[in-house]
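*Asks:* Following the hints, put chain W in place on chain B, whose structure we already have.
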Amino acid sequence: MKIRTILAVSTAVAGLTLANAALAAEYTIGITQNNVGVDSYQTTYDKAFKEAAEANPDVEAVVLDAGGDVARQIAQIEDLIQQEVDAIIIWPTNGEAVIPAVRKAKKAGIPVIVTNSNIAEAGFDFVKSFSGPDNITQGARSAEIMCDKFKDMGIETSAKVVQISGQPGYTTAIERQKGFDDRLPEVCPDVEVLETQPGDWNREKSQKVMEAFLVKYDKIDGVYAGDDNMGVGALNAAKAAGRDGIIFVGATNFAVGYEAMEKGEYWGSIYQSPVDDAKAALKTAVDVLEGKDVPFLNYFDTPKITQDNMSDYTKPVF
Amino acid sequence: MAGWTRSDIGGFLAKQGILIAFFLFIIGFTIANERFLAPENIMGVVRSSAILGVMALGVTFVVISGNLDLSVGSMMSFSTIVVLDLHDKLGPALAIPAMFALTLCLGALIGFLVGYLKLNSLIVTLGMLSAIHGLTLTYSGGKNMDIADKGGTWFSIFGQGEIFGIPVPILIFVGLAALLGIVLARTPFGRKVYAVGGNGVAATFSGIRRARIVFACYLLSSFCVATAGLIQASRSLGSQNTVGQGLELEVLAAVILGGASLLGGSGTIFKTIIGVLILGFIQNGLLLVGLQFYAQYVVTWIIIILAVWLDIAAKRGRLWSPLA
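Protein sequence lines correspond, in order, to chains B and W.
Numbering-wise (my numbering), the first sequence opens with residue 1 and increments by one.
Numbering-wise (my numbering), the second sequence opens with residue 1001 and increments by one.
Note that these hints are calculated values from the structure, not bench results.
Given the structure is predicted, the values throughout are model-derived calculations rather than measurements.
Among the hints, erroneous ones may be present.
Once the Cα atoms are required to be at most 27 Å apart in a straight line, the calculated DSS-like pairs of lysine-lysine come out as [unchecked claim]:
1) W/K1118 with B/K315
2) W/K1118 with B/K263
3) W/K1143 with B/K279
4) B/K263 with W/K1150
5) W/K1089 with B/K304
6) B/K47 with W/K1143
7) B/K239 with W/K1192
8) B/K219 with B/K178
9) B/K315 with W/K1089
10) W/K1143 with B/K50
11) B/K239 with W/K1143
12) B/K263 with W/K1089
13) B/K315 with W/K1143
14) B/K283 with B/K107
15) B/K219 with B/K263
16) W/K1150 with B/K304
With the C-beta cut set under 7 Å, the calculated list includes, among others, these residues of chain W facing chain B [unchecked claim]:
17) G1044
18) K1143
19) L1249
20) Q1292
Sample of chain W residues facing chain B (criterion: CB under 8 Å; computed from the structure) [to be verified]:
21) A1038
22) P1039
23) E1040
24) S1048
25) S1130
26) G1141
27) A1185
28) R1186
29) T1187
30) Q1232
31) S1236
32) V1243
33) L1288
34) F1293
Where a beta carbon is used, it is the ideal one built from N, C-alpha and C, also for glycine.
Next comes chain B alone, as it looks inside the complex (with noise of 0.2 Å):
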């Protein structure tokens, strides 16, 4: 009995207190993270998000972390909904699965939005904004770089160029294609792109297409990869069969890459912070919850970054 109380006036207290603070803020947001911890990426994104969080006094959030695992992460949604928290930002751990959870928080009259990775088209009715990276830009923009670098070599009349794409029937891997084969055309239309295969974001593997390509091909000018993990596999197989002068383009900058931009090796990437990540994430919360127009699909800016000025940005930490 005596447990049973101090449960009960334990729970009224907490309950006060959110509502007090609740209360304080103008604004409760609540998120639901895919797995903070697995990666870099993941913590660092999680970290900012808490900060950027404490810096906005209109905002309280309440952090929640689905540890990779769909079912909590449908639970902590409905948590929220229990909650009546403002606005709901999901990093999904699994783009189909969480459509029904979603739809839930629709109809509580909650708006929910998504970040970093987008839900199945199908939750796309339930969402009221993505927040994350553009791939097609990010391939894009690499098809930029690699232009304007044989620009300067003064070959853009001639080089050729290999592609190792990401793991097959992944999004992100085909828009990353997509925008890079899209837009090497527009802005050089005389470099050709020899082949793409997949590296299946596996440096090993990477290396072991790139040693076919240097077999099959007397001449290649330049390597775009969907990231830069597999741009180095590639870079490890054109040192270890002496074929320099070779361009490598990344489409997102990971700790490798920039090391090897450092050294001189690789020419260029994408950069995507993370931390950009989650403030864009919580700014568009607190623009759809203020009224404004928040568009559909709300990118973050991803920058170039080369040799020449990578000094701008500090080293990924993933």
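*Replies:* Only chain W this time, still in chain B's reference frame:
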């Protein structure tokens, strides 16, 4: 050798069906792209097959003893990540033995569960597949592991070095294959492995300690995995947590392709090597042909089925089973 009769040659061909299949593929790929047989391409394929090959050597023992090992892929990620991390903390001279010790502990655990507790090897190693992956992620915090000073370490010799113009990974692979080939074919231990896999009950009644043999096979397998992890780490001097993901099935495919029976009791190191090379050359050949990559998955499967079929057909002397 001059006195070979027709039946001798027939008998030889029947035993080496997989070898015939192997040469057929090589001829096919060479017609498709003449660079397939360029020395640097062959060297490249053998070098990158060495990692898979070293792992397959150990798994051959496990399969012959009548068990499976699905944990080698995750275990290879584990060794790679651990040795890269310890390289910067302890220096390469200590990091390598420490990594071997840790990996052998994992092998010993599996060997204990399968050998002494007699748990089903499929369940144990399937579980270890994800358990070791989790262990690796916990160890690294999910981060990619990279050696800080990539230029100034002798550690790169195992993956990138050359002795007399031959890449070190190939030398390690060939050396280990020769050693383990002799152990399997010429020592009492090797014969016991066949006996345990062929008929475990009979082996027990002939005084073979079955649990001990199974335990030793898993220990040997984890030793091979650690060696593969060392080559992998040294080759790229940095790695993702998922570097070995999916390799367990490729390894198993190579071993089975070499003609080892999943039920245990048969298989040789030489045939496993042929299986490894077939897989390596298919992958490389399809890339050189430039087939669209979605189709490559299908074609790989077709080639493997063709190889297995040719092997079986050669053994029974006709293309289809007379009993069917």
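*Asks:* Going through the numbered hints above, which ones does this structure break? Give me the numbers in ascending order.
*Replies:* 1, 2, 5, 7, 19, 20, 22, 25, 27, 28 and 29
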